[in-house]
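Note that the protein sequences, when read in sequence, are chains A, B and C. Oh and the first sequence: position 280 is 280 in this note's numbering, straight run, nothing missing. Oh and the second sequence: position 171 is 171 in this note's numbering, straight run, nothing missing. Oh and the third sequence: position 24 is 24 in this note's numbering, straight run, nothing missing.
Don't take every hint at face value.
As the list claims (entries may be wrong) - What follows is a list of derived Cβ distance ranges for each label pair:
| id | chain 1 | residue 1 | chain 2 | residue 2 | range |
| --- | --- | --- | --- | --- | --- |
| 1 | C | 104 | A | 300 | 39 to 47 Å |
| 2 | B | 97 | C | 94 | 50 to 58 Å |
| 3 | A | 194 | B | 98 | 52 to 60 Å |
| 4 | A | 20 | B | 270 | 39 to 47 Å |
| 5 | B | 91 | A | 83 | 14 to 22 Å |
| 6 | B | 256 | A | 9 | 32 to 40 Å |
| 7 | C | 24 | A | 147 | 27 to 35 Å |
| 8 | B | 77 | A | 324 | 42 to 50 Å |
| 9 | B | 248 | A | 151 | 30 to 38 Å |
| 10 | A | 135 | B | 203 | 55 to 63 Å |
| 11 | C | 104 | A | 83 | 19 to 27 Å |
| 12 | C | 94 | B | 98 | 56 to 64 Å |
Simulated from the structure, these hints should not be mistaken for lab results. In this text, all values refer to a predicted model and were calculated from it rather than measured experimentally. Quick reminder that beta carbons are idealized off the backbone N, C-alpha and C, glycines included.
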Amino acid sequence: MTPARWSLGPALAVLAVTGVLAFGLSLSLGAAWVSPARWLGEPGLERELVWVWRAPRVAAAFFVGACLSLAGLLFQGVFRNPLAEPYLLGSAAGAGLGAAIALLLPQLLPPAWSLPVMAFLGAWGASWLVLAVGRIGGAWQSARLLLAGVALAAILSALRGLLLMVFGDESTNLRAIVSWQLGGVQTPAVAEVLGFGPWLLLLGWAAWRLAPGLDALGLGDAAAQSLGHRVPRLVAGAVLLAALATALAVSWGGLIGFVGLIVPHVLRWWLGPLHGPLVPACMVAGGVLMVLVDTVARSSMAPSEIPAGLLTAVIGGPFFLALLLWRQDRS
Amino acid sequence: MTRREGLGLLLAAGTGMAPAEPVAGPAGTWPRTLVDALQRSVRIAAAPQRIVTVFPSNVEILFALGLADRVVAIGGRVRHPPEALGKPSVGGALGYSPEAVAAYRPDLLVLTPSHQTALGLVEPFTRAGVPVLMLAHPDLPSVLRNISLVGQATGAEAQAKRLGGQMLQQLEAVRARWQGVPPRSVYLETAAAERGAFQTIGRGHYADDALAWAGGRNVFSDLDGSQQVSAEAIAVRDPEVIISLQAVPKPAASIAARPGWQRLRAVREGRVVVLERGHKLIPGPRQFEAVLDYARALHPERFA
Amino acid sequence: MNSADRFCSEPLLAFGGVEVRIGTKALLSDLTLTVPRCGLFGLVGPNGAGKSTFVRAALGLQALSRGEVRLCGRRLQDWRPREQARQVGYVPQHIHSHWDLTVRELLQLALAPPSAELLHDFELEHLLARRFNTLSGGEQARAAIARTMAHQPALLLADEPAAHLDLPHQHALLRLLQACATRSAVVIVLHDLHLAARYCDQVAVMAQGRLLRHGPPDAVLDDTTLARAYEEPLMRIPIPAQSFFTVPLLETPP
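This is chain A alone, in the form it adopts within the complex:
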């Protein structure tokens, strides 16, 4: 007996309620508990804690989660594989290399090229490189892209490792680099927070426009072509959009894994495989999940902070396994 699928409206309602609770929790928890009653109270340390220190970071966490989930959805659609994830085409390796350069060799870079910028450039650049290498006669084929991605990721990771070994010594603290690689939400300035909304709208709209093409791809390249889609352009467009979302997520959150894989994968069971409804649902669900993860990261062992990517791996792995076994039983 296969369970019925939810339609988008009720699903978004559920996600919205969960989201409100998550936001509430995340603004209250941290190095010190601040109850909701005190958020809008008289100015003081507590109110400042919530609105100056926590709120921007919570916004960034939502943004990172939404971007990662969207990227995962797009990659899963393009590669027709429910186990695809945003770092497939070398984004993680590129971002890691960019971040390593920013942290180990800051003297080489102009001052404006900070860590988020280098991480973004690394992720984005790696994806472009993969697209350039993965072309055959003007067309992009998924299989070739995957291979190019794997090869490039290996090369970039090796370069990063070499950089760490050669330039890391007792006077460089490698912990910061390792921590960034394990993933953690950085705090944005207020001006940057205001940019999150427009970015999410743009990414979401572009992905929603690609949704019918991704659905058609699920029936095979020839069938998609016969439905009027230009498959190479569709593939390249989806890959670039996903790479952009990944690069944005990485520049604010480091290398956080699992979110981009699990959220679209699970939502597909819940809402069905059509990409139209999945785009908004994934973005909201991914954002809410990341808000919760970040809350745990900075409050469960306060004042210490656990790298968010470590949390998603430690919790995500077993959770995913359990989910798979549970589905196995039911079907």
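Please build the complex by placing chains B and C on the supplied structure of chain A, with the hints as guidance.
Frame of chain A; chains B and C shown alone:
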């Protein structure tokens, strides 16, 4: 007894006296057996003449004890002292090979267990009968104990005692200058990734002790060793002084520019200091210089 | 009314001297053929005859070495993909959905919402909530063809739609396609000559990339043509008042 006084006693106990670990045979004779920092029993047949050591902290200790001519090779990225730069290198950036080390026919190896790559040297040389002395240095008293240990291992006990005494003197001199004012609360940042991943140290780390000697009270003393803390934790503890250690120091304004940090007391009162990381995270004889730098940052009016 | 009449005044699908060459091997040679505006048009021939290549060329998925393919009088490359999709529907040989779609969701991927009449004709009303990948071969074929016919294209291309079906389902499917062929042109690739003889209005016999003959099945599927195509002596077994079976001549045991 205040924490400062207790620390002082501990340091004094760690420096010049006979160690608590048993030494076979009366002091001054060979062969002798020591217990190193990892509780390993190390037997040294005669005063070592061909010492190989890796990592800057160990190199600095050996050179400070006047054993430069007995050190045949060094490893790791050593930049101090200048005399050490002329010594042949057994590697560092990409690991250590036992064969390269063996080519120097060492009769003593001085290593540190915190770096994985060096551990590969322990087994082969122990089996070959070459004594391997492991030094661990979590806190400041251990640094002084290490000096003493190396002194015993090499027959340079007198120099070790002198060096330890000198270090203690210098620490006392620094402390004397800020006497009378209460210690200032301080957040020491050992590394950061721009706006996140703030790394600091807690009790049991030598930098924590160094801060205490310099007249500071580490706001994160309740943590153990090296830890990552969240920005709001720093906000809640609101230190009076912020010291940031950077390999390539950026202006202090870059820290003030971090989102939200303008609200911190230290930023508002202009007590943000960026120091070059350099020797501050090398647990060797130059730690007293680090203490001096911290003291200048913490009590500038006393150290003009 | 025929859907094609609304859009075309020219012949629906015309191949003119088409040649497809990969290296030294010719997949299609000098193929000239016109597909009429309605009716069931069968394409038969041995493996390697070029039938699938023909279908791909008709869709514009195959680069031509020579000649041209015209849809409604315009060359295929002059058609925009969306426009072309409205006129031409395609059902591939291996109908597969990578994702676990329900039949209802599959039909949502059509270029127009399926009408109630369509659902009734294809007997899909009770299958809407079922997962496509759990359907039987016959049901999957019906769903896939329904998805393609929902927007009433002028031309339907089906590559061996009856290949993996059992006997009753093969005939049911062919009857369904016959019904579609009253409104559109339906070109199907078949292996079973009996089905071709029984249901198709016109048949084209291909072998080694060439078109041997085309026309009504009774005229075209004679012994000589079939023997040339399949390079084997074949025997026709007539079925009174219907059509015939074709079987290879067995060697008599010594």
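Here's how the hints hold up against the structure:
Between residue 104 of chain C and residue 300 of chain A, the C-beta spacing of about 44 Å keeps the proposed range 39 to 47 Å intact. A hinted range of 50 to 58 Å for the beta carbons of residue 97 of chain B and residue 94 of chain C is consistent with their spacing of about 57 Å. At about 58 Å, the beta-carbon gap between residue 194 of chain A and residue 98 of chain B stays in the expected band of 52 to 60 Å. A beta carbon spacing of about 41 Å between residue 20 of chain A and residue 270 of chain B agrees with the range 39 to 47 Å that was offered as a hint.
Here the CB-CB span from residue 91 of chain B to residue 83 of chain A is close to 41 Å, at odds with the stated 14 to 22 Å. In this structure the hint that residue 256 of chain B and residue 9 of chain A lie 32 to 40 Å apart at CB is violated, the actual value being about 47 Å. Between residue 24 of chain C and residue 147 of chain A the C-beta distance comes to about 29 Å, which sits within the given range of 27 to 35 Å. About 47 Å separates the C-beta atoms of residue 77 of chain B and residue 324 of chain A, a value consistent with the hinted range of 42 to 50 Å.
With their beta carbons about 33 Å apart, residue 248 of chain B and residue 151 of chain A fall inside the hinted range of 30 to 38 Å. A C-beta distance of roughly 58 Å is found between residue 135 of chain A and residue 203 of chain B, which places it inside the suggested range of 55 to 63 Å. Roughly 26 Å separates the CB atoms of residue 104 of chain C and residue 83 of chain A, a value that falls within the hinted 19 to 27 Å. Judged by the Cβ atoms, the range 56 to 64 Å given for residue 94 of chain C and residue 98 of chain B holds: they are separated by roughly 59 Å.
Hint compliance for this structure: hints 5 and 6 are broken, all remaining hints hold.
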